[in-house]
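Chain L: place on chain P using the hints.
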Amino acid sequence: MTSLLKRKRARVDALAESAGTSLAADAVKRMLRSPVALLGAFLVLLFLVLAIVAPFIAPKDPYQRYPELLAELRPDFIPGAQPGFLLGGDELGRDFFSRLLVGAQQSLVVGVGATLIGLVLGMIIGGLAGAFGGWVDSWLMRFTDIMLSIPSLLLAISIAALASRGSQTTVIIAVAVTTVPIFARLLRGAMLAQRHSDHVLAATALGVRRRTVVFRHMLPNSLGPVIVQATLTLATAIIEAASLSFLGLGDPDPSRAEWGLMLGNSQRYIDVKPELAFYPAVAIIIVALGFTLLGESLREALDPKNRR
Amino acid sequence: MLRFIVRRLLQAIPTLLILSLLVFVWLRSLPGGPSGALLGDKATPEKIEALNKVLGLDQPIYIQYFKFLGRILSGDFGSSLISGEPVVAEIGRALPATIELSLAALLFAVVLGIPLGYLAASHRGRFLDNSTVIGTLVGVAVPVFFLGILLKQLFAQDLALFPPSGRQDVTIDPTHVTNFAVLDGLLTQEWDAAADALWHLVLPAVALGTIPLAVIVRITRASVLDVLNEDFVRTANAKGLQAQLIRRRHVLRNAMLPVSTTIGLQTGLLLGGAVLTERVFVWGGLGSLLAQGIERRDYPRLQALLLLAAVVYVLVNLLVDISYAIIDPRVRAS
Chain P
1 MTSLLKRKRA RVDALAESAG TSLAADAVKR MLRSPVALLG AFLVLLFLVL
51 AIVAPFIAPK DPYQRYPELL AELRPDFIPG AQPGFLLGGD ELGRDFFSRL
101 LVGAQQSLVV GVGATLIGLV LGMIIGGLAG AFGGWVDSWL MRFTDIMLSI
151 PSLLLAISIA ALASRGSQTT VIIAVAVTTV PIFARLLRGA MLAQRHSDHV
201 LAATALGVRR RTVVFRHMLP NSLGPVIVQA TLTLATAIIE AASLSFLGLG
251 DPDPSRAEWG LMLGNSQRYI DVKPELAFYP AVAIIIVALG FTLLGESLRE
301 ALDPKNRR
Chain L
1001 MLRFIVRRLL QAIPTLLILS LLVFVWLRSL PGGPSGALLG DKATPEKIEA
1051 LNKVLGLDQP IYIQYFKFLG RILSGDFGSS LISGEPVVAE IGRALPATIE
1101 LSLAALLFAV VLGIPLGYLA ASHRGRFLDN STVIGTLVGV AVPVFFLGIL
1151 LKQLFAQDLA LFPPSGRQDV TIDPTHVTNF AVLDGLLTQE WDAAADALWH
1201 LVLPAVALGT IPLAVIVRIT RASVLDVLNE DFVRTANAKG LQAQLIRRRH
1251 VLRNAMLPVS TTIGLQTGLL LGGAVLTERV FVWGGLGSLL AQGIERRDYP
1301 RLQALLLLAA VVYVLVNLLV DISYAIIDPR VRAS
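Read top to bottom, the protein sequences are chains P and L. Numbered according to the working numbering, the first sequence spans residues 1 to 308. Numbered according to the working numbering, the second sequence spans residues 1001 to 1334.
The following block holds chain L by itself, in its conformation from the complex:
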């Protein structure tokens, strides 16, 4: 098992290296290069050349790349053009908000999605199945941001059941430990703060989780249907195993393989969707940093966010592979 993990970790390195090269090239293909982007409207050819010297952009390109790589590895992504603060500090502050939101959305999607998909599969062709399938098709077609706007209007404005925006009520003054609002409340035993944070989390998490939910339901359904047709399920039935045992040991376990891949693949959707959801709910996480960075073309910030997203994605895929190896011993061997 350990060897498997180490091997997969080593395999991720070239991907990350090439990715860093892409981000490097991306920055250099900006109009006027990084210096032009830094100077913005004030850029003149002389100023750009002077700044190029300061930034070491007059050196050979491969030396620049290695220096860039060195800076990244030591965690130096430069300073934001908007706040002047180191990008890493900015991201560190906003990251917990996004992780909290994404995890809540994923939890919503998984906890609801797998049972629903299983139910649909076991009622194949009946009303429950058909309506679930239609629901998933519609769910995928709804733009995340519209769903957010809709939920907000309906449940926050009209019915006033949930708060319309933000992570916590302004009247609550919570102690910050990890910057995960719910976790902080639990750690410091400020129950009202935790409850309030949870309350704020509901609408954004549902909005962000709906597309992953639809995808997970569909994959679970298809995967369970596939497994139900397998010979070993028929054999298990024929030899008189208890239905519950067959369901748990044979059907669900085997059906979970494609599902776990799909859950991993949702990370990309979640990260992209978080940008839109955070915008609607004024969430103040990475999405807000990104949206603001786009508006002002804050390249150091964008570059760091892009690289971070890719690294997270690669790591999550790694986790998926490991979970694969845990579920299915055959994967470990190959």
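This is chain P alone, in the form it adopts within the complex:
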């Protein structure tokens, strides 16, 4: 009997405790307890740090072709690990390890750049639709529906193909555009769901200006799913950018250290030195996995259903 009472009391206490904290604080607490979230955060953090310090810690110049590697280079042999070259050379006698490191920076720039641009554009469209509703909403959503009706990689391909010469910027723009409709729809949906919620009705009834209602009440309460989506989008953006490079739509400069490009180029040498394809791919997978884990656990942590 006493144990039952204790259990009941514990539950009530927990409820009271959570009532005193904000959803965000609660979510952070839950994230810190989840091993999946911690692993995701660790992978993302590792990637961020490596990407930022890559040029400073790379042991060699990633663009330089080293005579000691070139000397050994033959059509059926690419030098492996040796003193000074941790992972040996690549197909052109450059330091493979340094190129991998610098590749992290490229992926970060493309991933973050594309996601940010997509996020801002999507939030403007979704915010307008959610704030005004009515015909503004239906026209903007028709527009996003059409963008969604083109498969994202094909859309990215056709945008990147518009540029007569590929470049990092066209890749960023191409990937960014494909993410716009997703962000727009998400924010719009979350905001529309609040139009008739009590706190918005109360604010409107009190005579608060519409702009204030939108920016102070509706927008902040709608950001959760958008933040989750942005984290997940970082993963797909990096993969999609790598796919564009793989198809030859990225920067045409073959010396560029970019994981997708390295992977594409190494396909011809896969019998000679499979690591050349393997390591960039593993790097992409780890980074994408990190962002996915972080995003998924964020989604779970922010879900009020899991609040206890």
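Where hints are given, some of them may not hold.
Among the chain L residues that face chain P by a calculated CB cut under 10 Å, a handful are [stated by the list, open to error]: (1) L1276; (2) R1279; (3) G1293.
Here are the in silico distance ranges between beta carbons for each label pair [stated by the list, open to error]: (4) H196(P) x L1319(L): 29 to 37 Å; (5) L1112(L) x F132(P): 40 to 48 Å; (6) F42(P) x L1119(L): 25 to 33 Å; (7) R195(P) x L1161(L): 56 to 64 Å.
None of these hints come from the bench; they were simulated from the model. Heads up, the beta-carbon is just placed ideally off N, CA and C, and yes, glycines get one too.
Same frame as chain P, but now just chain L:
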């Protein structure tokens, strides 16, 4: 039911119209416009102007658009800049290869994905469930083309279990009926040709199907978990219905709604992924046409492919909606 289908068909028309407008604008935003793209390196302002006249690009923009629309509706997408052949003929030849590959990949994903998702959900929190969830997370993070390269290296090169590329062995001389290699073999009763085509299909289909598989497993699992918590399942249990009956009639049927949407949404992934997979396995379908078109900036071809992909996508979504209406009578009414 028929009224529902007709209504959804009519709703698709404005989407397709605006889409055609977008493709029209896309072509015109090329550096130098379509004429510049056609002329390529040889473009001079005079030549562009002359070609503009020939192509009718000096006419008012809305007339151009209606003419463009008319040409598209009559199936005229112009000729490829690479082969000089009508784009429609090129696509017609390559389309079966891509459909065959995509269907095989989708089949792989659905047949494996739904049972796996269901199993994971019914073993919630246990080893089987946890490893499935981890597997799906990793599966989504693997780039399609790398998976293709990996499978090819492992199973075709090292173990020599499967052919590394192509749709059929060169030594086999099959009769072409539909250009669907497997189907042709079955139709003409050339069993070895069909088996060989099937054999070639395995690796590309697995590579292309892995991401859809991961997505389908996750959605099935989540959806089954949701339904298991529903009141009607508890009621069914309480009134003593057989477990098997509950599973089939109540749980699976209701859980299939989000799953069928997800399967429809995979078409986009499949079409995009096919481009990459075909590149790795030298498949010779639409993806190869597209990749080659990108390299040479063959705009008529790209334009047709883009429009085709969108139309397929819209149609598949329509099919999904119809399947929704079949599974759930409530949808028909609304």
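Results for each hint:
| no. | hint | result |
| --- | --- | --- |
| 1 | L1276 | 6 Å, holds |
| 2 | R1279 | 7 Å, holds |
| 3 | G1293 | 8 Å, holds |
| 4 | H196(P) x L1319(L): 29 to 37 Å | 34 Å, holds |
| 5 | L1112(L) x F132(P): 40 to 48 Å | 45 Å, holds |
| 6 | F42(P) x L1119(L): 25 to 33 Å | 30 Å, holds |
| 7 | R195(P) x L1161(L): 56 to 64 Å | 58 Å, holds |
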